[in-house]
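Engineer: One letter stands for each residue in the lines below.
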Amino acid sequence: MGSSVTIAHYILMLQGMLWTIGLSLMGFVGGTIVGLPIAIGRISQSKALRRSLGLYIALIQGIPLPILMFLCYFGISVAGFNVPALVAAGMAMTAYASAYLAEIWRGSLQSVPKAQWEAAECLALTRLQRMVHVILPQAVKISIPPTIGFLVQIVKNTSYAVVIGFAELTYTARLINNSTFKPFVVFTVAAVLYFAICFPLSHFSRRLERKLKRA
Amino acid sequence: MKRFIAATLLAATSLVATMAHADSLADIKKAGTIRVAIDLGAPPYGQLDEAGKPAGSDVEAANELAKDLGVKLEIVPVSGPNRVPFLLTNKADVVMASFSITDERKKVIDYSDPYGVVPTVVGAPKSQALPDFASLAGKTIAVTRGTTSDQALTKGAKEVGGVNIVRYEDDATTNTAVATGQQDLIAAAASVVAQVNRANPSRDLEIKFVMSSAPYAIGIRKNEAELKAWLDQWIKSKIASGELNTIYKKHFGIELPAEYRGK
Chain H
1 MGSSVTIAHY ILMLQGMLWT IGLSLMGFVG GTIVGLPIAI GRISQSKALR
51 RSLGLYIALI QGIPLPILMF LCYFGISVAG FNVPALVAAG MAMTAYASAY
101 LAEIWRGSLQ SVPKAQWEAA ECLALTRLQR MVHVILPQAV KISIPPTIGF
151 LVQIVKNTSY AVVIGFAELT YTARLINNST FKPFVVFTVA AVLYFAICFP
201 LSHFSRRLER KLKRA
Chain S
1 MKRFIAATLL AATSLVATMA HADSLADIKK AGTIRVAIDL GAPPYGQLDE
51 AGKPAGSDVE AANELAKDLG VKLEIVPVSG PNRVPFLLTN KADVVMASFS
101 ITDERKKVID YSDPYGVVPT VVGAPKSQAL PDFASLAGKT IAVTRGTTSD
151 QALTKGAKEV GGVNIVRYED DATTNTAVAT GQQDLIAAAA SVVAQVNRAN
201 PSRDLEIKFV MSSAPYAIGI RKNEAELKAW LDQWIKSKIA SGELNTIYKK
251 HFGIELPAEY RGK
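These protein sequence lines map, in sequence, to chains H and S.
For the first sequence, counting from 1, position 51 maps to 51 in the UniProt record's numbering; every step adds exactly one.
For the second sequence, counting from 1, position 206 maps to 206 in the UniProt record's numbering; every step adds exactly one.
Next comes chain S alone, as it looks inside the complex (with noise of 0.2 Å):
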């Protein structure tokens, strides 16, 4: 059914892609709301707060941008697996949702300059020893489907050979299941292995090695050049200011690499 599911977003996501599209910043301007697609279930970039309000690096980065465009914000929410049928079926106008750049993805979309970068690990308790992708021959391992984590755990793999692989559907479902100790290893991006410990503190994970580091950006449709270039121009001013820094140490703890640092 997984296999159905993809077929059918392949389907409609390739039909609308071959319309030509108007110019959504216009059209932003004139609604007097920018409708931005975050993931409010992938901590710390989009969650919901105490209040039960969305909160994050991207909902706060999100609402930089719509101050700055001066106009309201509409946060849509979407999953992992539906950001990108979301935008091409103009549901929202812009992605941002941890969204890293990928190549199957920027046949379809569109991305600003990255604003960001997500580290993907492999994290395990610490009493196992697993240096490099060489030791995880003969071990399984829990991931998410179709996130760069999978992608850069099925690359490693495959050169190893004997990685039993185990794709969940969300983020939640891969971390509910290493906090209850169903799984033991995990491939995820780095954050995600400081809350499994929050979630479970006698799980006791530690971040092994760092599998890829990979750049995000704001995903919008193709053929964008205006909103492309407004949100270059934004990213930007805003590396250059340290606020784009300032959000992601709030929320990470750690800061963005020095490109993304400002002066």
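If we strip away everything but chain H, and leave its shape as in the complex, we get (with noise of 0.2 Å):
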């Protein structure tokens, strides 16, 4: 019975760390992909179109994470598609992705000063340009910070896929743990990894917005 903590074990960890690595990316191209347009929408002059994207947020943000989750694993396969766990849970992050980043930047799209719309729109305009080159370089500034932030909540909340059985870091971890019976090396190792990954991305988030606020 293993009772010790292999090399093995630590590269099976490194694998499940890039899995996580994987499903973010997952969540944040496919939240970005599918978020930005309902940001967009949001504030567009259509108030059917604010409205039910509002509902398709609103009802994302109110299912929690491993249901989404179960949803796209179990449901799918009631529905008679086999899916396998990974591109479940790219679906279920991606959902879940772009319903937060979309309120991030519908509110990043906002706080740009009025003053800026009518200035641009003096200048003749249209709305799509000035969406493109007034208001969007503005409010990418605005939502550097909390879009960082978000990230590190999906590289945490990747985690989540240990309910459907995907390979990511805190399932591995809890595998091993469960046949070692180490759980203070096991976890600490998932926890600086997870610190790996995520550190870097505050520390770029603090870098890109020094660098954008003297440009």
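Hints are not guaranteed to be accurate.
[Said to hold, decoys possible] Covered stretches of chain S, as calculated for chain H (at least 3 residues, CB under 8 Å):
(1) 40-46
(2) 65-79
(3) 85-96
(4) 163-172
[Unchecked claim] 30 Å max Cα-Cα, derived DSS-like pairs, lysine-lysine:
(5) S:K250 <-> H:K182
(6) S:K158 <-> S:K139
(7) S:K139 <-> S:K29
(8) H:K156 <-> S:K29
(9) S:K158 <-> H:K182
(10) S:K29 <-> S:K67
(11) S:K228 <-> H:K182
(12) S:K107 <-> H:K182
(13) S:K126 <-> H:K182
To be clear, the hints were calculated from the coordinates, so they are not data collected in a lab.
Virtual Cβ for every residue (Gly too), placed ideally from N, Cα, C.
Join these two chains into a complex; the hints should help.
Structural biologist: In structure tokens, the structure reads:
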């Protein structure tokens, strides 16, 4: 019975860490692709569009992430499609990230001073031109800290994929702990690995913020 | 939220349960692979060995099963709470995960004949005298939610009253709580008590009394007559040859009850 943590176990945890990074990327990229149009739609002139996107956000934000994972994994199977755990987890992360990123970005867009909109309008720019050339560049600056902050959340929340047996870092650490009974070693290593992903992100966010402030 | 998860699972599983199923045995043979759901976080049934590979009594039995069926073994890692959904949503062909037979589970899935038993016990430090359920009154005891130990404890404690049951999400968390001294009393499978002692010898736990002895079997989807017949025959022959007892002895250090030992 394995009672010590071996090199092979550490390698397994590093593999789990790669899956955690992969899942985070899926969440962030998917969340951006889905979330950005929603953010822009949320400030559109159409009331119906604003309302229905608001409903989507309220719905996703109102469902705990593990339930989203369950729904994507087992729910879709019930409908007759066999989705691998990675795809299901990626879908759940995408839905989850898109709802939060959309709200973060909507807030950033709306916190660009109204005078900027009006000034752009006076220059006879179309709504699209105003958005692309005037509002978005300023909104990006505002959105960096909360976006990176949420990215760190995404990384940590990938651990919910444990409920569908996806072999990310937390799941791997749990398995190894169950077999070796060295919780302090195993979970300390897992914590260090999570930190190794998240700290550079926060650091990068601070640097980017400083750089944009100067620009 | 736990209730929410349970409700979602139940909704999902009952939907699938209503779908009649095809002949899994033929499907398995056609695919050349049997997908066996095993809990790799439940030593000594399923665990990771020093090389990080699956090991344990269920893993060994599943290997034998695949060999005798003439197909490759694909282990689908599951945990206690998601064993049934994995089976029902066809993410595994069979479940061999120290899968005790319970009436609730029988409503949605079928079982083969049993191939082993899980004795569930109450463990505590040697210094405490706990001969029976009555002595648990006013005490706090740790258990993993939804396991047969949980059921046996809940049933036994109901008659006593005043027992504070703390339910953890999986065995590792329960064991860690006891090994680190957060909890003194544990209700679990007999093998767990020895493991906690290994993790932290200063706890000095011992088995106080046996709550129940639960047979476990291979879980299959409903309406799988061919598969069930094959599995029952396989288990019968493995009990007769003594192979199941050999595997059990190797991992548990004790023999199976007489009726599982063969000649």
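Engineer: List, from low to high, the hint numbers that the structure doesn't satisfy.
Structural biologist: As far as the earlier hints go, 7, 8, 9, 11 and 12 are violated by this structure, in ascending order.
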